[in-house]
Amino acid sequence: MRRQTVRKLQRGAAALVVSGVVLWLVAVTASSPTAREAMTALGREGGFALALLESQLGRWEDPLPAQTALAISQSPLLLAGREQVLALRRQAETDDGPDQTEPLPEPETPEDPALPEEPPAPPADPTAPFADNSVPARTLVPSSEAGYTVAGNVYINNRSDRTFGADIFDGTFSAALSKDEGPQVLILHTHGSEAYTMPPGLEYEPTSECRTTDCTCNVVRVGDELAGVLEAAGLTVVHDTTLHDYPEYSGAYDRSLTAAKAYLEQYPSIQFILDVHRDAISDGNGGMYKVVSDVAGQNAAQLSFVVGTDGGGLEHPLWQENLKLAAAITQCLAEDYPTLMRPITVRNSRYNQHLTTGTLLVEVGAAGNSLDEALLSARLLGNALAEVILRPGDAA
Numbered sequence: 001m002r003r004q005t006v007r008k009l010q011r012g013a014a015a016l017v018v019s020g021v022v023l024w025l026v027a028v029t030a031s032s033p034t035a036r037e038a039m040t041a042l043g044r045e046g047g048f049a050l051a052l053l054e055s056q057l058g059r060w061e062d063p064l065p066a067q068t069a070l071a072i073s074q075s076p077l078l079l080a081g082r083e084q085v086l087a088l089r090r091q092a093e094t095d096d097g098p099d100q101t102e103p104l105p106e107p108e109t110p111e112d113p114a115l116p117e118e119p120p121a122p123p124a125d126p127t128a129p130f131a132d133n134s135v136p137a138r139t140l141v142p143s144s145e146a147g148y149t150v151a152g153n154v155y156i157n158n159r160s161d162r163t164f165g166a167d168i169f170d171g172t173f174s175a176a177l178s179k180d181e182g183p184q185v186l187i188l189h190t191h192g193s194e195a196y197t198m199p200p201g202l203e204y205e206p207t208s209e210c211r212t213t214d215c216t217c218n219v220v221r222v223g224d225e226l227a228g229v230l231e232a233a234g235l236t237v238v239h240d241t242t243l244h245d246y247p248e249y250s251g252a253y254d255r256s257l258t259a260a261k262a263y264l265e266q267y268p269s270i271q272f273i274l275d276v277h278r279d280a281i282s283d284g285n286g287g288m289y290k291v292v293s294d295v296a297g298q299n300a301a302q303l304s305f306v307v308g309t310d311g312g313g314l315e316h317p318l319w320q321e322n323l324k325l326a327a328a329i330t331q332c333l334a335e336d337y338p339t340l341m342r343p344i345t346v347r348n349s350r351y352n353q354h355l356t357t358g359t360l361l362v363e364v365g366a367a368g369n370s371l372d373e374a375l376l377s378a379r380l381l382g383n384a385l386a387e388v389i390l391r392p393g394d395a396a
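If you read the sequence shown in our numbering, its first letter stands for residue 1, the second for the next number, and so on.
Some hints here could point you the wrong way.
Claimed, not checked - With beta-carbon atoms standing in for the labels, derived distance ranges:
(1) Asp336 to Ser134: 28 to 34 angstroms
(2) Gly182 to Thr339: 33 to 39 angstroms
(3) Ser144 to Lys261: 40 to 46 angstroms
Source of the hints: derived by calculation from the structure; they are not laboratory data. Note that the Cβ used here is the ideal one computed from N, Cα and C, for glycine as well.
Could you put the whole structure together from the sequences, leaning on the hints where they help?
This is the structure in structure tokens:
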């Protein structure tokens, strides 16, 4: 009688242990969304519990261990995937791979492994059409020689009090590259906030009409393009990106003069200075239009030089040398692009061009042009300028 009571107590205790372990296994697998993850959780968390089950129920190998079968019977998720669990077990028994309970060895890699290179970005298509900014376009070319001084393909509109003849334009000029080490060209912008008319969707924040301090949309960006071409040709360039006309327009030439003098003092090797602007042109009714020249099917902004003199009373004795340089560059461009250059304009104001005989003011398009049209012209100008000043025997 006493033995029967002991056996009942032992069986009750075993049942409690098994029930507790089953409940624990169910808790381990409850958060697993799939049968595969439930089995993984059992392998990770249930080793001790399964050992207890084995001590109570022994080991069964056909087709699943009793403890696994018991756990499956108590877990609806595992019960629904019983066949999948069985297939996973059979697969594991035939797997020749490493024991997944041990850390996998790091894959061997060669020293300094060569990473695959990303393919280079395709170059921009120079023939792709520019976005239309909807501004009417005109190509301004002289219809006759009347009113102009003409030398070769160069037309000069003299609005100064000074006189000169076409015979001075023989292709020579006094400006020459310095033999000293250091920068050779200075690009600056007296009116740096001068901007263009952008296509829809590419508008900038204006500071006034067709002006902005956003240097990705104004003539400073054109100066960047010009500098890049000159540097690619082997010239050393300093680009002053200061907006000398902002926040105050008045006095811009005084401020750009101060800056240019500082650069010349720092770099005596600078002999060529380009003050890059854009023009403002309108028709008789005040309507804006852009000035263009067809270059390989693209609209390039027309270019023009403005040359200062001493006609306004300020000292500038060598102004003709600046004019001769402007004529040489204009002739170079006109040979390949007959309608790209508008006539050179000569005025009484000196526009800080007394600093060197290689100082020029260039108008790259007008307010109605798009930035793309101005950048194309800047590249053409850069190539011509480099050709002229690097051409042996031209400088006198």
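How the hints compare with the structure:
no.: 1; hint: Asp336 to Ser134: 28 to 34 angstroms; result: holds (29 angstroms)
no.: 2; hint: Gly182 to Thr339: 33 to 39 angstroms; result: holds (37 angstroms)
no.: 3; hint: Ser144 to Lys261: 40 to 46 angstroms; result: holds (42 angstroms)
In the structure shown, no violation is registered for any of the earlier numbered hints.
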